[in-house]
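Residue numbers (numbering that gives the first Met the number 0), protein chains in the order written: chain E, 0 to 274; chain R, 0 to 283.
These are calculated hints, taken from the structure and not from any lab test. Where a beta carbon is used, it is the ideal one built from N, C-alpha and C, also for glycine. Take the hints with a grain of salt, since some may be wrong.
Unchecked claim - Straight-line Cα separation of at most 25 Å, BS3-like style, residue types lysine-lysine; simulated pairs:
id	chain 1	residue 1	chain 2	residue 2
1	E	Lys162	E	Lys1
2	E	Lys112	E	Lys188
3	E	Lys1	E	Lys274
4	E	Lys1	E	Lys112
5	R	Lys196	E	Lys1
6	E	Lys188	R	Lys57
What the hints assert, rightly or not - Negatives, chain R to chain E, calculated, CB over 12 Å:
id	residue
7	Glu41
8	Leu44
9	Ala232
10	Gly257
Said to hold, decoys possible - Covered by chain R, according to a simulated footprint, are these stretches of chain E (three or more residues, beta-carbon under 8 Å):
id	stretch
11	86 to 93
12	227 to 234
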Amino acid sequence: MKQVIVLVGAGLIGQAIARRVGAGKHVLLADLRQENAEAAAKIMSDAGFDVSTATVDVSSRPSVEALVQQATSVGEVFGLIQAAGVSPTQASPETILKVDLYGTALLLEEFGKVIGRGGTAVVIASQSGHRLPALTAEQNSALATTPVEELLRLPFLQPAQVKDSLHAYQLAKRGNSLRVMAEAVRWGKRGARVNTISPGIIITPLAKDELTGPRGPGYRRMIEISAAGRAGTPDEVGTLAALLMGPDGAFITGSDFLIDGGVTAAYWFGDLAPK
Amino acid sequence: MQEQTPGKNTEVVVVIGAGGIGMAIARRQGFGKHILLADFNETLLETAAQELERASYKVSSRKVDVSSRDSVRALAEEAASLGSVTQVINTAGVSPNMAPPDRILAVDLYGSAVVFEEFGRVIAPGGAGLIVSSMAGHMSSPLPPEQERDLAFAPADDLMRKPFLAPGAVPNSMVAYILSKRANQLRVQAASIAWGKRGARVNSISPGIIATPLAQHELNSPIGDVYRAMIEASPAKRMASPDEVAVAASYLLGPDAGFVTGSDLLIDGGVIAAMRAGLLPSPA
Numbered sequence: 000m001k002q003v004i005v006l007v008g009a010g011l012i013g014q015a016i017a018r019r020v021g022a023g024k025h026v027l028l029a030d031l032r033q034e035n036a037e038a039a040a041k042i043m044s045d046a047g048f049d050v051s052t053a054t055v056d057v058s059s060r061p062s063v064e065a066l067v068q069q070a071t072s073v074g075e076v077f078g079l080i081q082a083a084g085v086s087p088t089q090a091s092p093e094t095i096l097k098v099d100l101y102g103t104a105l106l107l108e109e110f111g112k113v114i115g116r117g118g119t120a121v122v123i124a125s126q127s128g129h130r131l132p133a134l135t136a137e138q139n140s141a142l143a144t145t146p147v148e149e150l151l152r153l154p155f156l157q158p159a160q161v162k163d164s165l166h167a168y169q170l171a172k173r174g175n176s177l178r179v180m181a182e183a184v185r186w187g188k189r190g191a192r193v194n195t196i197s198p199g200i201i202i203t204p205l206a207k208d209e210l211t212g213p214r215g216p217g218y219r220r221m222i223e224i225s226a227a228g229r230a231g232t233p234d235e236v237g238t239l240a241a242l243l244m245g246p247d248g249a250f251i252t253g254s255d256f257l258i259d260g261g262v263t264a265a266y267w268f269g270d271l272a273p274k
Numbered sequence: 000m001q002e003q004t005p006g007k008n009t010e011v012v013v014v015i016g017a018g019g020i021g022m023a024i025a026r027r028q029g030f031g032k033h034i035l036l037a038d039f040n041e042t043l044l045e046t047a048a049q050e051l052e053r054a055s056y057k058v059s060s061r062k063v064d065v066s067s068r069d070s071v072r073a074l075a076e077e078a079a080s081l082g083s084v085t086q087v088i089n090t091a092g093v094s095p096n097m098a099p100p101d102r103i104l105a106v107d108l109y110g111s112a113v114v115f116e117e118f119g120r121v122i123a124p125g126g127a128g129l130i131v132s133s134m135a136g137h138m139s140s141p142l143p144p145e146q147e148r149d150l151a152f153a154p155a156d157d158l159m160r161k162p163f164l165a166p167g168a169v170p171n172s173m174v175a176y177i178l179s180k181r182a183n184q185l186r187v188q189a190a191s192i193a194w195g196k197r198g199a200r201v202n203s204i205s206p207g208i209i210a211t212p213l214a215q216h217e218l219n220s221p222i223g224d225v226y227r228a229m230i231e232a233s234p235a236k237r238m239a240s241p242d243e244v245a246v247a248a249s250y251l252l253g254p255d256a257g258f259v260t261g262s263d264l265l266i267d268g269g270v271i272a273a274m275r276a277g278l279l280p281s282p283a
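Given these sequences and hints, build the entire structure.
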């Protein structure tokens, strides 16, 4: 039986991970936009990977269920890469919570029902989740374990409590990391693992737009002041994901890896600290 | 530690030869799996198994004589009874200083062919095999094509009846060793065909001078100067730790090497390169 790796969100980070872990397996490339999935499929197929495509709206339960169905019809689901999301400049707080928070929880719940023994997932969160000040123990627990369909009804996620899109994004990404921890318990019962990666500024076409746009100076300062002094590449995230998804990561589950060149460190304790 | 019931969910890593390289590979590959450790020397085997146990590995041990088909078959059957045999690493061997030519041929050449044959019956789909050859296999002068073909493809029990391997045909232990290690590199090509039919891969790795107790012993022996000359003439100018071999082995045994089968990886700090460049005498 074929081993299937499902990539949700066919952007450059997701593609870099899929290329790193997908050799010899079937890669199902899913994206909200069929043209994105097909563009990624063409690139990977031209590079010799065995691929197929799907469209998925992660904020829709029937859509995610259909994706799971499609994946299991190809073979045994052995890997899930959740790289779908909307950024603060792209969307309203409501959409961000619906896609980035609810959508991720939904994917982990549904793929957690079919993941093969020895299978793994990585969720691409963001350094933004590490900037949010500490939540209360009750809020942490609620983000981790509230049933998926009740998640968006949590009081502290209501419009009056969420300042703006950035705040929504930070809450969603913190929520991802907490959700992954709770899911690691459930996935572990199937002999499967799940982890979070929280990338900083990674060079993709989207990031390049941001760097040359109105928020460009802020981003460039972040990069200059950080310990690494540069932005990251999708391939570096791919290398980390390969560790987490491969045999060397067998003892790593429910964990969250910040890969940001030291931007978060500078934000909390260095020259990027808010004055 | 809680005992796990054997079954298809248990992955079994078989390590034959509990020496420095075998143990480094067992540590690198065995966590979360069941290690079946095998060696000819029961005292060494017991100590090595205890060492792994103390480091929380799940391990069982069994004596094996790779020059005996019955012994290897029993080991393969025990491995299969423990779970899904996903990795087989054969590090068993005798060096030119340790044994006469016929013993070297029996262990290093015949024994390794038997291990491929017997474990080829139990290896799991997606599994991988590895034979630890030696840079000595790269010191061989070109062999006649029909000898190369026999070393690769002749069934193990026919192989030892070939005239060029008959008693007396191999002049000394060094020639026997070089021939055997060359045979390991050739044998993985044949084994890759048989193992490939089960969805498994097999490769060889050819280490140079690795800092094991055996190497230390040789460095302090009459041929110590030869070893030191090799290290001095090589680009790396040092020995390697067993751990460096284990990292390379991990690549060959793992998912990143899914397209690599029937291949040999020379890891010698450039000793063979120095030999080819005329910086060192060739032994054969």
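Each hint, compared with the structure:
no., hint, in the structure
1, Lys162(E) / Lys1(E), "46 Å, violated"
2, Lys112(E) / Lys188(E), "11 Å, holds"
3, Lys1(E) / Lys274(E), "54 Å, violated"
4, Lys1(E) / Lys112(E), "18 Å, holds"
5, Lys196(R) / Lys1(E), "16 Å, holds"
6, Lys188(E) / Lys57(R), "20 Å, holds"
7, Glu41, "30 Å, holds"
8, Leu44, "25 Å, holds"
9, Ala232, "35 Å, holds"
10, Gly257, "4 Å, violated"
11, 86 to 93, "violated (count 0)"
12, 227 to 234, "violated (count 0)"
Hint violations for this structure: numbers 1, 3, 10, 11, 12, all remaining hints satisfied.
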